[in-house]
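Visitor: Each chain, letter by letter, is given below.
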Amino acid sequence: MTGLFRCSLGSIPAGIHAAPGAMHGLVNSPLGLVLLLNLFMLGVSRMRSLIFAAAAQGIILSGLLMVIEPQCDGLVICIALLTVLIKGVVIPRMLLKALRDAKIKREVEPLIGFLPSMLLGATGTAAAIVFATNLPMTVSPPSTLIIPASFSTILTGFLLLTTRYKAITQVIGYLILENGIYIFGLLLVAAVPFLVELGILLDLFVGIFVVSIIIHHINETFSSLDTRRLTALKE
Amino acid sequence: MNITIYLLLASTACMTLSGLPGLLLSRRRMAGQWIALALNLLASAAGMAALLTFAGNGCQSDLMTWGWALPWGRFAVGVDVITGMFLLPILVVSALGAVYGLGYWKQAQHPGNGRKLRFFWGLMSAGMMLTTMARNGVLFLMAWEIMATAAFFLITTEDQREDVRAAGWIYLIVAHLGMICLIAMFVLLRWIDGTFNLWFTAKMPAASGVATAIFLLGLVGFGLKAGIMPLHVWLPGAHANAPSHVSALFSGVMLNIGIYGLVRIGGIFPAPPIWWGATLFIMGVGSAVVGMIFAFCQNDYKRLLAYSSIENMGIVIIGLALALIGKSIHRPDLILLGLGGALFHMLNHSLFKPLLFMGAGSILHAIHTRRIDQLGGLARKMPVTLLLFLIGAMAICGLPGLNGFVGEWLLYLAMLHTVSMGHMDAVVWLSFGVPALAVTGALAVASFVKVVGTVFLGNQRSSDLDQAHDPGFSSLVPMAILALGCMVAALVPTTITGMLVRAVQSWNQAMLSVRGSAKMPAPMHDMAILDAALLVAGILMVIAFWLIRRRKTVAPRPTWSCGYAKPTSKMQYSGASFSRMLAQLFNWMMPGRPFVLPQRGLFLQPTTLTHDASDTLLDKGLIPGFALLRRLFLWFRPLQNKPVNIYVAYMLAILLLLLLALRFQV
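Respectively, the protein sequence lines represent chains P and A. One rule links them: number in this note's numbering = place in the first sequence (from 1) + 291. One rule links them: number in this note's numbering = place in the second sequence (from 1) + 21.
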């Protein structure tokens, strides 16, 4: 996979390469890791691994914030730590607890199988890199990988959301979708007030909090976490 | 120097908040209503003071902007003569309506919905004020939406009633359709100008496609609010089913806001093509004539008044159309007479229509029926209401001596003037405007003769009317003020025309430089004298009649009934029999068929004549049309009825499509 990245990176026009070199490596390698985690999440069927991967992705991203932000003051560190706390500790713990309560371990029979979804994710990533080279940018991003990583992560979130049936996997899908948006937000750290970032974080937290309660109740009522069963509630 | 705008903003804020304290107060006590009334009066007083300072400053246009957290521009409000002209009725009718509500919609008698009504009353008044003041497209749309939504809640005040809910839904659908058009229109305006700043003069020629789209979207969006035919479908039901002072606010003020938008759109382009004016002209003439025919055939006096509002808006639109045609053929006199007449007629309508709706409300409050056929002989029970209603009815018919005449007279002058100028393009359109306006006036007289004659005169048709009586002071005083306004407005046309000329000049910037354009080309002064003479003569006649009547004693008897020995109250004209001929003539237009059993034999058989003219366009056109649409959209149901996964997949698909589109655009 990394080979694929390299050859695509080679084709990026020179205009985008405006970021300083040292920063480049510091930002690119975590982003590469994020991309790999995406593919891993698409291919894994064990839910514990999925939760850990999502947590790892969240932690990497919050670290990335500190690297990218030009003046790393108390507020930035505060937000980064808060992100680590929520995405890396609290949400995974809630999900693991829900997993334990529901007594499920694996996603069985997804709409699209694990290998095909992985291939789809890889194709999507490649397409995102090609696409990103053609985007007209007003400011050059700190790393050429940011936009492809963002698109690829959003795509991964969408794929998890659409092709998996278990409620917990769908929650993780939302989480990853948000991660993708967060990566895009890294481009806009100067423009978007931190209050907005905090608001998104709070939304996510509350959302997942509520969903984990719902999961508990769904499991008690239907003795299954299959969202297809939820259509029985219709009208 | 910006005191006007500050005062107006304070007034708007006060108006918004007027119903709020009442929400927290007791349902059964009057305290909340008094607070709302006090705040409403305060807001109106502040607004009036603002308009006075504005006039004192020589009507200098003013604009203030503040930054706000939303994207797209700034919080920009401004005031100019046109804004002032539309603000005035809002302030007057909102305050008088609140006073009227004190007796008409007592909190103690309406514990369930009185607080809601007053909250949305304030909100809607404030929304309308902000709409006229907004100088930023986004702010305009927000204010517009506040107004439209509050209006929905006002219509559905008595939401326990089925017909009220139906009228509310129809209104809501129409309001949304209008909003969609307006959003599209403002996007196009931004496309022209590059900002959301409002009411600029466009540089682009009006013949371009974008300008055409703006005009058409504005025509539909604002026309739906103004209730011009064929965009009027929501209007009769909403006006008939809302509480009467709400109908007064709708008819007297909210329809104006639609006109406001059309006036502004007409002001954007310096030289509109002639078909813009022609389209508006046809719609205006259609609304006026057809609206009045429908009004004449109604059996529900509030619906009758509602259709009469359509007619009056039609007259206003005729004036605006004349002004647009004047712009196209570069005739400043036509612009002055047309727009001046339109604005004047609109102001007049804001005086007499609330008066009439409040009169109708007083009848409804006393009798609890809206059917003309069940009323009769109310003149003895409600003499003051009759007097005030009669003044309103005479004014709305455009009888000389009252204000309704002056506005329509300006429009007649405009049309005759243009026809005599011999501009061929315009003559074709205008030559049938004069007779149409005349027919409308005649039908208006017939309609109000029908209302006054069958409701107030004659004998009472049921014993329910025995307890009927004039309403209290809180209802009569607002009506008296409006009636007085109808007389005064007729006496000071020279003062008003000064304002009208300024408004027209600010509408058509090009006219500021034309010499001789600062005067209305009409003998306003003579008109004022004529009006005063007629008014004095009328008052003298009433006094003389009263003196003669006082000396004689007159025994009340049934109307002479063709020599029958035992006349009953049924032997008199009913509303349906009065309008029967016209109803038969226009049978093809109105599905409600006047129905009489033929008589056979020597002795008369019992028979009935009822006529409930329903709205053809709504009942025969739109409701079946929407049912058809619904069936068509059932095809999409398989797409819609899916688990969450599929919805997310739809989103993904759209996202990818958008990205692809972007890719190929770049």
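Careful, some of the hints might be misleading.
A partial selection of chain A residues facing chain P, derived with a Cβ cut-off under 8 Å [as the list claims (entries may be wrong)]:
hint: 1; residue: 666
hint: 2; residue: 670
hint: 3; residue: 675
hint: 4; residue: 678
hint: 5; residue: 679
Estimated spans, in silico, between C-beta atoms of each pair [claimed, not checked]:
hint: 6; chain 1: A; residue 1: 224; chain 2: P; residue 2: 410; range: 36 to 44 Å
hint: 7; chain 1: A; residue 1: 665; chain 2: P; residue 2: 392; range: 54 to 62 Å
hint: 8; chain 1: P; residue 1: 414; chain 2: A; residue 2: 208; range: 47 to 55 Å
hint: 9; chain 1: A; residue 1: 180; chain 2: P; residue 2: 500; range: 52 to 60 Å
hint: 10; chain 1: P; residue 1: 364; chain 2: A; residue 2: 133; range: 35 to 43 Å
hint: 11; chain 1: A; residue 1: 683; chain 2: P; residue 2: 497; range: 29 to 37 Å
hint: 12; chain 1: P; residue 1: 501; chain 2: A; residue 2: 91; range: 27 to 35 Å
hint: 13; chain 1: P; residue 1: 324; chain 2: A; residue 2: 683; range: 22 to 30 Å
hint: 14; chain 1: P; residue 1: 414; chain 2: A; residue 2: 197; range: 52 to 60 Å
hint: 15; chain 1: P; residue 1: 500; chain 2: A; residue 2: 91; range: 26 to 34 Å
hint: 16; chain 1: P; residue 1: 400; chain 2: A; residue 2: 215; range: 48 to 56 Å
Here are a few chain P residues that sit away from chain A, every Cβ distance over 12 Å (derived from the structure) [as the list claims (entries may be wrong)]:
hint: 17; residue: 373
hint: 18; residue: 375
hint: 19; residue: 426
hint: 20; residue: 449
I should point out that these hints are in silico values taken from the structure, not numbers from a laboratory. Note that this is a predicted model, so its numbers are computed, not measured. From the three backbone atoms N, C-alpha and C, an ideal C-beta is built for every residue, glycine too.
Visitor: The structure should be examined with respect to each hint, and the outcome stated for every one.
Guide: Each hint, compared with the structure:
{"no.": "1", "hint": "666", "result": "holds (5 Å)"}
{"no.": "2", "hint": "670", "result": "holds (4 Å)"}
{"no.": "3", "hint": "675", "result": "violated (11 Å)"}
{"no.": "4", "hint": "678", "result": "violated (13 Å)"}
{"no.": "5", "hint": "679", "result": "violated (12 Å)"}
{"no.": "6", "hint": "A:224 to P:410: 36 to 44 Å", "result": "violated (55 Å)"}
{"no.": "7", "hint": "A:665 to P:392: 54 to 62 Å", "result": "violated (21 Å)"}
{"no.": "8", "hint": "P:414 to A:208: 47 to 55 Å", "result": "violated (36 Å)"}
{"no.": "9", "hint": "A:180 to P:500: 52 to 60 Å", "result": "violated (37 Å)"}
{"no.": "10", "hint": "P:364 to A:133: 35 to 43 Å", "result": "violated (57 Å)"}
{"no.": "11", "hint": "A:683 to P:497: 29 to 37 Å", "result": "holds (32 Å)"}
{"no.": "12", "hint": "P:501 to A:91: 27 to 35 Å", "result": "holds (29 Å)"}
{"no.": "13", "hint": "P:324 to A:683: 22 to 30 Å", "result": "holds (28 Å)"}
{"no.": "14", "hint": "P:414 to A:197: 52 to 60 Å", "result": "violated (42 Å)"}
{"no.": "15", "hint": "P:500 to A:91: 26 to 34 Å", "result": "holds (30 Å)"}
{"no.": "16", "hint": "P:400 to A:215: 48 to 56 Å", "result": "holds (55 Å)"}
{"no.": "17", "hint": "373", "result": "holds (24 Å)"}
{"no.": "18", "hint": "375", "result": "holds (28 Å)"}
{"no.": "19", "hint": "426", "result": "violated (7 Å)"}
{"no.": "20", "hint": "449", "result": "violated (4 Å)"}
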